[in-house]
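Line by line, the protein sequences are chains F and G.
For the first sequence, our numbering assigns the number 1 to the initial residue and increments by one for each residue that follows.
For the second sequence, our numbering assigns the number 1 to the initial residue and increments by one for each residue that follows.
Just so you know, these hints were derived from the structure itself, not from any lab.
No false leads were slipped in.
Here are the simulated distance ranges between beta carbons:
{"id": "1", "chain 1": "F", "residue 1": "THR272", "chain 2": "G", "residue 2": "LYS199", "range": "38 to 48 Å"}
{"id": "2", "chain 1": "G", "residue 1": "PHE275", "chain 2": "F", "residue 2": "ASN103", "range": "23 to 33 Å"}
{"id": "3", "chain 1": "G", "residue 1": "ASP45", "chain 2": "F", "residue 2": "ALA281", "range": "54 to 64 Å"}
{"id": "4", "chain 1": "G", "residue 1": "GLN324", "chain 2": "F", "residue 2": "ALA170", "range": "49 to 59 Å"}
{"id": "5", "chain 1": "G", "residue 1": "SER65", "chain 2": "F", "residue 2": "ASN103", "range": "21 to 31 Å"}
{"id": "6", "chain 1": "G", "residue 1": "ARG142", "chain 2": "F", "residue 2": "ALA281", "range": "37 to 47 Å"}
{"id": "7", "chain 1": "F", "residue 1": "ALA251", "chain 2": "G", "residue 2": "PHE275", "range": "52 to 62 Å"}
{"id": "8", "chain 1": "G", "residue 1": "GLU48", "chain 2": "F", "residue 2": "ALA251", "range": "51 to 61 Å"}
Derived coverage of chain G by chain F (criterion: at least 3 residues anywhere in the stretch with Cβ under 8 Å from a Cβ of chain F; other residues may be distant):
{"id": "9", "segment": "132–139"}
{"id": "10", "segment": "163–169"}
{"id": "11", "segment": "188–199"}
Partner residues are not named here, just some residues of chain F that face chain G (Cβ under 8 Å, in silico):
{"id": "12", "residue": "ALA69"}
{"id": "13", "residue": "ALA80"}
{"id": "14", "residue": "ASN104"}
{"id": "15", "residue": "LEU116"}
{"id": "16", "residue": "PRO117"}
{"id": "17", "residue": "PRO148"}
{"id": "18", "residue": "ASP173"}
Beta carbons are placed, not taken as given, at the ideal position from N, Cα and C, and that holds for glycine.
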Amino acid sequence: MGAGETQEAKTTYREAMREALREALRADDRVFLMGEDVGRYGGCFGVSLGLLEEFGPERVRDTPLSESAFVGAGIGAALAGLRPIVEIMTVNFSLLALDQILNNAATLLHMSCGQLPVPLVIRMTTGAGRQLAAQHSHSLEGWYAHIPGIRVLAPATLEDARHMLAPALADPDPVLIFEHGSLYNVSGELLPLTEPVDLDHATIRRPGTDISLITYGGSLPKALAAADELSAEGINAEVIDLRTLRPLDGAAITASVARTHRAVVIDEAWRTGSLAAEVSARIAEESFYDLDAPVERVCSAEVPMPYARRLEEAALPQTADIVAAAHRTVD
Amino acid sequence: MTVARPTRTRKDSAPPKSGKKAKTTKGNASAGVPSGRGATGHRTDLLESMLRIRRFEERCVELYSAAKIRGFVHLYIGEEAVAVGVNEALTPEDAVVSTYREHGHALARGITAEAVMAEMYGRTTGCSGGRGGSMHLFDASRRFYGGNAIVAGGLPLAAGLALADLMRGQDHVTCCFFGDGAFAEGEFHETANLAALWKLPLLLVCENNLYAMGTALERHEAQTDLAMRAASYGMVAWAVDGMDVEAVEHAARRAVEGIRTGTGPHFLELRTYRFRAHSMYDPDRYRHKAEVERWKERDPIGLLTDRMRENGELGDKELARIEQRITDEIDHAVEAAEQAPEEPVEHLLHHVTSSSAEAVS
Ligand SMILES: Cc1ncc(C[n+]2csc(CCOP(=O)(O)OP(=O)(O)O)c2C)c(N)n1
Chain F
1 MGAGETQEAK
11 TTYREAMREA
21 LREALRADDR
31 VFLMGEDVGR
41 YGGCFGVSLG
51 LLEEFGPERV
61 RDTPLSESAF
71 VGAGIGAALA
81 GLRPIVEIMT
91 VNFSLLALDQ
101 ILNNAATLLH
111 MSCGQLPVPL
121 VIRMTTGAGR
131 QLAAQHSHSL
141 EGWYAHIPGI
151 RVLAPATLED
161 ARHMLAPALA
171 DPDPVLIFEH
181 GSLYNVSGEL
191 LPLTEPVDLD
201 HATIRRPGTD
211 ISLITYGGSL
221 PKALAAADEL
231 SAEGINAEVI
241 DLRTLRPLDG
251 AAITASVART
261 HRAVVIDEAW
271 RTGSLAAEVS
281 ARIAEESFYD
291 LDAPVERVCS
301 AEVPMPYARR
311 LEEAALPQTA
321 DIVAAAHRTV
331 D
Chain G
1 MTVARPTRTR
11 KDSAPPKSGK
21 KAKTTKGNAS
31 AGVPSGRGAT
41 GHRTDLLESM
51 LRIRRFEERC
61 VELYSAAKIR
71 GFVHLYIGEE
81 AVAVGVNEAL
91 TPEDAVVSTY
101 REHGHALARG
111 ITAEAVMAEM
121 YGRTTGCSGG
131 RGGSMHLFDA
141 SRRFYGGNAI
151 VAGGLPLAAG
161 LALADLMRGQ
171 DHVTCCFFGD
181 GAFAEGEFHE
191 TANLAALWKL
201 PLLLVCENNL
211 YAMGTALERH
221 EAQTDLAMRA
231 ASYGMVAWAV
241 DGMDVEAVEH
251 AARRAVEGIR
261 TGTGPHFLEL
271 RTYRFRAHSM
281 YDPDRYRHKA
291 EVERWKERDP
301 IGLLTDRMRE
311 NGELGDKELA
321 RIEQRITDEI
331 DHAVEAAEQA
341 PEEPVEHLLH
351 HVTSSSAEAV
361 S
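Build out the structure end to end from the sequences listed, making use of the hints.
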């Protein structure tokens, strides 16, 4: 925090998220926030700073380092009628709670034949770009998007950071929100909400006619930058922000490809078995005859994320990689 | 078992150690323990409840052999005193979380034999609509939250149910059953820490039947004194004779009373034994017949029946009447399950998310 955050009408992704949490805690006393260091420390990424003072330690609850126990406790509390928001520091650590998320949160409704809905929100950071090396940098949201019974969100803009939490809390089922670590400091003017944010649909962040750049989360700014470069060359790229990784808005993908006939899928996960693989497969299934070129994917190199800056940059999808992939489909 | 224990643990009685002669219950202090209501009628209720579980599961064996029910089926035979004794201490508003060996817990909780049997048959009338089977019995109306097949996986969930009750100022207790095998899992320790730290109204009930599948306690735990280990988290912990339903009830009542006064989680190690194999698939090669036979001398149903007979509280006629009632009940449950409709395949995707189907009918 600090330097970047000024008095202007500008806000950061971090502040937008915090405002969403504040609103949720104010609006419904069944809501509480729990996780490692969300209270006194203010959240490991500063998202919940100040909320402890405002809402007290019952509702802004520091937990022990026990991902499985406090995520499971969130599930139990949701079953009993509360609306917990559980914060996990990063997706890497969420693996210690994967059992609870997959075997309990995602399955209880179905196994109980509708008797046990789990209205739980789990927030966590994901992604690389800050030289944190392999155990803090992976993008595993695609794994979660594999699981039926949960909703997976990836807010990429200030507006989505600010406005996706309320509908996530209103969802009777478990919702996972992935916040890309490199987005927290992004700042800008928070645009007024013209219509309620819906959690079922992808959105067009930049309309275009020549190629579809399909992405989400931390890769959105890179895709938009690539679209700018391409437009300077006369290539008019459409940028699709998936926003919701499960359920995936297949119709939006199909519709975009029907307009542009070319697709580049950008995903910070490893290419093999990634969400990008799923999107590409859908294009192959649904849009085969619309395509004028093979689908291109821009993903992370198949390597545990390195620490060294040059290596990390080389491992990650970059704007130049997106532009190059676009060229391969257009040329 | 070790002798030295922290002051907060208490040993009510010890099970016979394998290889040594079984202790008989004659003169066992717990026999004189006053039960909650203490009356003859109450003992009859306990007996009937245990018999229902026993006969239900004996029928399951037949049905399994006849391929009427499938999947993993874990029988509770020998451990009935635990489910019945603990349930006596709970109110309908309390919550229960269980494992895959939960027929006994479910029946003791009041889920009907009909609903459980239909679930084993995979029918729509089952308590989980046929989606859970033997390992995943649920009943939201009875606050019965499963039916968890991941060893120790129910513990964090139970902590959350207890947390919700605590946060809303409700006087409820959440009771979580699990086996001795759960002690080796991190989730037990994470939950014990969390629950003690936050003083959650949680009753942790460890059914120590001395085996995790084929692995004996001393082969999976470095320290086999489980109550002592639980006590190290700063919770009240007792080891109790899990074959004596009245001793179980007495201990559970004390624990639940303690929990309701706000003293945080309590732990009961119930020393029990399963007379059957781990599951219907298990050839049971890892333990001696003689050991099983020794434990059968302490059959919880036999113990209570003997006690009642000695006190002139139970005659042959009364016992026959109870048995007949239960047989009728189970016959009816099987018949109803046989007749019950199967879930239409069109319902396959129902309840994946709340919007993907109507609520349970
Ligand atoms: C996490 C996990 N690991 C392994 C298993 C396989 N498994 C099923 S039951 C069991 C033994 C558990 O023993 P215990 O907890 O003592 O309970 P009991 O069966 O004796 O009631 C094992 C290893 C499992 N279900 N879950």
